[in-house]
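Protein chains: 2
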Amino acid sequence: MIKVAVDAMGGDFGPAPIVEGVIKALEARDDFVVTLIGSQIKPLIPTNLLNRVSFVESSEILEMSDHATDALKRKETSIYKAVELVRDKECHAVVSAGHSGATMSLATLRVGRIPGVNRPAIATLMPTVNKSRVLVLDVGANVDCKARNLYEFGIMGVAYAKEIMGLKNPRLGIVSNGEEDSKGDEVTKEARELLRNLDAFKGNAEGSDIFSGEFDVVVCDGFIGNIILKTAEGATSAMSKFIKNEVKNSLLAKFGALLMKGAFDNVKKYVDYDEYGGAPLLGVKDCVIISHGKSSPKAIKNAIFQALKFANSNIENIIENRLKEQSGNLK
Amino acid sequence: MIKVAVDAMGGDFGPAPIVEGVIKALEARDDFVVTLIGSQIKPLIPTNLLNRVSFVESSEILEMSDHATDALKRKETSIYKAVELVRDKECHAVVSAGHSGATMSLATLRVGRIPGVNRPAIATLMPTVNKSRVLVLDVGANVDCKARNLYEFGIMGVAYAKEIMGLKNPRLGIVSNGEEDSKGDEVTKEARELLRNLDAFKGNAEGSDIFSGEFDVVVCDGFIGNIILKTAEGATSAMSKFIKNEVKNSLLAKFGALLMKGAFDNVKKYVDYDEYGGAPLLGVKDCVIISHGKSSPKAIKNAIFQALKFANSNIENIIENRLKEQSGNLK
Numbered sequence: 001m002i003k004v005a006v007d008a009m010g011g012d013f014g015p016a017p018i019v020e021g022v023i024k025a026l027e028a029r030d031d032f033v034v035t036l037i038g039s040q041i042k043p044l045i046p047t048n049l050l051n052r053v054s055f056v057e058s059s060e061i062l063e064m065s066d067h068a069t070d071a072l073k074r075k076e077t078s079i080y081k082a083v084e085l086v087r088d089k090e091c092h093a094v095v096s097a098g099h100s101g102a103t104m105s106l107a108t109l110r111v112g113r114i115p116g117v118n119r120p121a122i123a124t125l126m127p128t129v130n131k132s133r134v135l136v137l138d139v140g141a142n143v144d145c146k147a148r149n150l151y152e153f154g155i156m157g158v159a160y161a162k163e164i165m166g167l168k169n170p171r172l173g174i175v176s177n178g179e180e181d182s183k184g185d186e187v188t189k190e191a192r193e194l195l196r197n198l199d200a201f202k203g204n205a206e207g208s209d210i211f212s213g214e215f216d217v218v219v220c221d222g223f224i225g226n227i228i229l230k231t232a233e234g235a236t237s238a239m240s241k242f243i244k245n246e247v248k249n250s251l252l253a254k255f256g257a258l259l260m261k262g263a264f265d266n267v268k269k270y271v272d273y274d275e276y277g278g279a280p281l282l283g284v285k286d287c288v289i290i291s292h293g294k295s296s297p298k299a300i301k302n303a304i305f306q307a308l309k310f311a312n313s314n315i316e317n318i319i320e321n322r323l324k325e326q327s328g329n330l331k
Numbered sequence: 001m002i003k004v005a006v007d008a009m010g011g012d013f014g015p016a017p018i019v020e021g022v023i024k025a026l027e028a029r030d031d032f033v034v035t036l037i038g039s040q041i042k043p044l045i046p047t048n049l050l051n052r053v054s055f056v057e058s059s060e061i062l063e064m065s066d067h068a069t070d071a072l073k074r075k076e077t078s079i080y081k082a083v084e085l086v087r088d089k090e091c092h093a094v095v096s097a098g099h100s101g102a103t104m105s106l107a108t109l110r111v112g113r114i115p116g117v118n119r120p121a122i123a124t125l126m127p128t129v130n131k132s133r134v135l136v137l138d139v140g141a142n143v144d145c146k147a148r149n150l151y152e153f154g155i156m157g158v159a160y161a162k163e164i165m166g167l168k169n170p171r172l173g174i175v176s177n178g179e180e181d182s183k184g185d186e187v188t189k190e191a192r193e194l195l196r197n198l199d200a201f202k203g204n205a206e207g208s209d210i211f212s213g214e215f216d217v218v219v220c221d222g223f224i225g226n227i228i229l230k231t232a233e234g235a236t237s238a239m240s241k242f243i244k245n246e247v248k249n250s251l252l253a254k255f256g257a258l259l260m261k262g263a264f265d266n267v268k269k270y271v272d273y274d275e276y277g278g279a280p281l282l283g284v285k286d287c288v289i290i291s292h293g294k295s296s297p298k299a300i301k302n303a304i305f306q307a308l309k310f311a312n313s314n315i316e317n318i319i320e321n322r323l324k325e326q327s328g329n330l331k
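Keeping their order, the protein sequence lines are chains A and B.
Here the first sequence stands for residues 1 to 331, where the numbers follow my numbering.
Here the second sequence stands for residues 1 to 331, where the numbers follow my numbering.
Read the hints as simulated data drawn from the structure, not as lab findings.
Here a beta-carbon is modelled for each residue, glycine too, at the ideal position from N, C-alpha and C.
There could be a bad hint or two in this list.
Straight-line Cα separation of at most 16 Å, EDC-like style, residue types lysine to aspartate or glutamate; simulated pairs [to be verified]:
| hint | chain 1 | residue 1 | chain 2 | residue 2 |
| --- | --- | --- | --- | --- |
| 1 | A | Lys-146 | B | Asp-185 |
| 2 | A | Lys-244 | B | Asp-265 |
| 3 | A | Lys-3 | A | Glu-84 |
| 4 | B | Lys-241 | A | Asp-265 |
In silico contact screen, one side only, chain A against chain B (beta carbon under 8 Å); selected entries [claimed, not checked]:
| hint | residue |
| --- | --- |
| 5 | Phe-13 |
| 6 | Pro-17 |
| 7 | Val-175 |
| 8 | Ala-263 |
Interface residues of chain A toward chain B, partial, derived using beta-carbon atoms under 7 Å [claimed, not checked]:
| hint | residue |
| --- | --- |
| 9 | Glu-186 |
| 10 | Ile-210 |
| 11 | Lys-230 |
| 12 | Ala-232 |
| 13 | Ile-243 |
| 14 | Met-260 |
The shape of chain A in the complex, shown without the other chains (with noise of 0.2 Å):
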């Protein structure tokens, strides 16, 4: 029975959408249990689920302001305890939509790094024009990568692929300011050298191609993997917002906005962050998956089934072993 650990405390608008979206989980799938840590959650719980939930009472929450540096030495938070619950293996999973970056260290530091892993990157799903899903790493806190880095980005992203996302043949991809070999930042030529060593890899991938379906996963620093994250975000809400501001100015488009509904609510759902709810951690030895500050109940639950696939994976010791059987090509 797999045991997740969620930290309930850890999104902006404090534990009720979280508690919600656990219990949307539970009543979903009856293969696992739930450890709450966080203050006055149990009234929360609806009876006929307590058999399936424990909690871990903590009241101190790691504020977005914080440093990222300073959750380790704040062991009363509801984020250290339960990257701990995993740590001390009470748990196989923790689900944070906290302080990503204080979830990074925790995890890197108190769970620890897979052999082989350098850096652990935080990937995210994005939706691509054929219906599929590319993971992009790293969006996280890897704002200064090396070569190597982004190298090891892309054996635990094809992994991931291959592994949770359930894809034979994962074609992977560099970002890079065009197609040309020619073209990259010093560090991602450098890095290209090296992925090329890997059967996966098909070059580069330029803003454009992340969408196109082209590749399944895509490697990059998370300076650039966050920019993209929210470029994409940016650009598309913007659209949304022209269509309705013309809808708004013509009795004819706001008719026709009506019979469009479905589809449009289609798209939405296409292109909705709360269907996969949460990014998870590659590169540290347990599955830590983390989750938007701002996530919905239904984001929780997606971010709880992740977390159920990937522990029932054998992922930690098939990225181990890529690293080292691919390891002699790093000097």
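Starting from the known structure of chain A, fit chain B onto it as the hints suggest.
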């Protein structure tokens, strides 16, 4: 009378759309003349416009597969000849839809940089939800930038926003992976400390802030600028494709889309690159407008209008003076 040199050969689709754009521009305004550089172009110009067009013969094209550094040796190419017209003061401005790296090299080395500028930058306009435009630079060839380059981009961008976009108090940001001062890679953090010396500077701009209307100018290196452009393009075109697919599958949505056609057309027009048609190269001594290889006639027309605005302004002197005033901040 402003004289604009137009590289008729540079576009991906040959001279036709470029020449058509020139004709549209000539028909719309009578305060400028054009020199077209290309082969067999004269027969394409209506006789009533011939008194405003001169021709320079060139049948050699610098291909996209050629290296930018070869541009200097290839003196018979249309782009070389076009840039020389500006260098020789025969023309005030040049518009090219050809190899952008080559245009940049030629402009930098043949026309020359404004005193105080280390690296010219390609600046492009993007739409915001406020129906304003934001200037993003560099989106060009400066893939590995130092902090001082980004600082200069900020000074040049603000000058452009004031002089060409007509903004009284432009708001300047630097692209980063979070709002907080602690966010950024090493170069970005260092550049931010320099940019603080400018009144216009408002702090970090996340990817999503680019489209929010909070900033009029944002700076980044050319690697990130390219990724921002392409990601925004890829994300919005993926969204359009999702909508189109949904419409295809539902009669109701099909009818709705028909009623919304006007609204969609307006949105399309608003996010349309063709509306501004080209990106100015800031930091060289004269006006160089770089257009997309796939430019439509409309894009070329608008690129010429941009060139006219630029050539009628005093922006080179303003950039030079601003850099001189601010040079004390660079050690």
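Going down the list of hints, with the structure as the test:
1. Taking the CA atoms of Lys-146 of chain A and Asp-185 of chain B, the gap is near 12 Å; set against the 16 Å cutoff, the hint holds.
2. A threshold of 16 Å between alpha carbons decides the hint, and for Lys-244 of chain A with Asp-265 of chain B the separation of about 13 Å falls inside it, so the pair holds.
3. For the suggested pair Lys-3 of chain A and Glu-84 of chain A, the alpha carbons sit about 13 Å apart, so the restraint of at most 16 Å is met.
4. A threshold of 16 Å between alpha carbons decides the hint, and for Lys-241 of chain B with Asp-265 of chain A the separation of about 14 Å falls inside it, so the pair holds.
5. Interface restraint check: Phe-13 of chain A against chain B, minimum CB-CB distance 19 Å, threshold 8 Å, status violated.
6. Hint status for Pro-17 of chain A: violated, given a least beta-carbon distance of 22 Å to chain B, over 8 Å.
7. With its C-beta approaching chain B no nearer than about 6 Å, Val-175 of chain A sits inside the 8 Å limit, and its interface hint holds.
8. The beta carbon of Ala-263 of chain A comes within 4 Å of a beta carbon in chain B, closer than 8 Å, and the hint placing it at the interface holds.
9. For Glu-186 of chain A, the interface hint holds, the least distance from its beta-carbon to any beta-carbon of chain B being 6 Å, beneath 7 Å.
10. Given the 7 Å rule on beta carbons, the hint for Ile-210 of chain A holds: about 6 Å separates it from the nearest Cβ of chain B.
11. Because the closest C-beta pair between Lys-230 of chain A and chain B is about 3 Å apart, less than 7 Å, the hint holds.
12. Satisfaction of the interface hint for Ala-232 of chain A is found here, the shortest Cβ-Cβ separation to chain B being roughly 4 Å, below the 7 Å cut-off.
13. Given hint, Ile-243 of chain A at the interface with chain B, holds; its Cβ is 6 Å from that chain's nearest Cβ, closer than 7 Å.
14. Interface restraint check for Met-260 of chain A: the shortest CB-CB distance to chain B comes to about 4 Å, inside 7 Å, so the restraint holds.
Hint compliance for this structure: hints 5, 6 are not met, and every other hint is.
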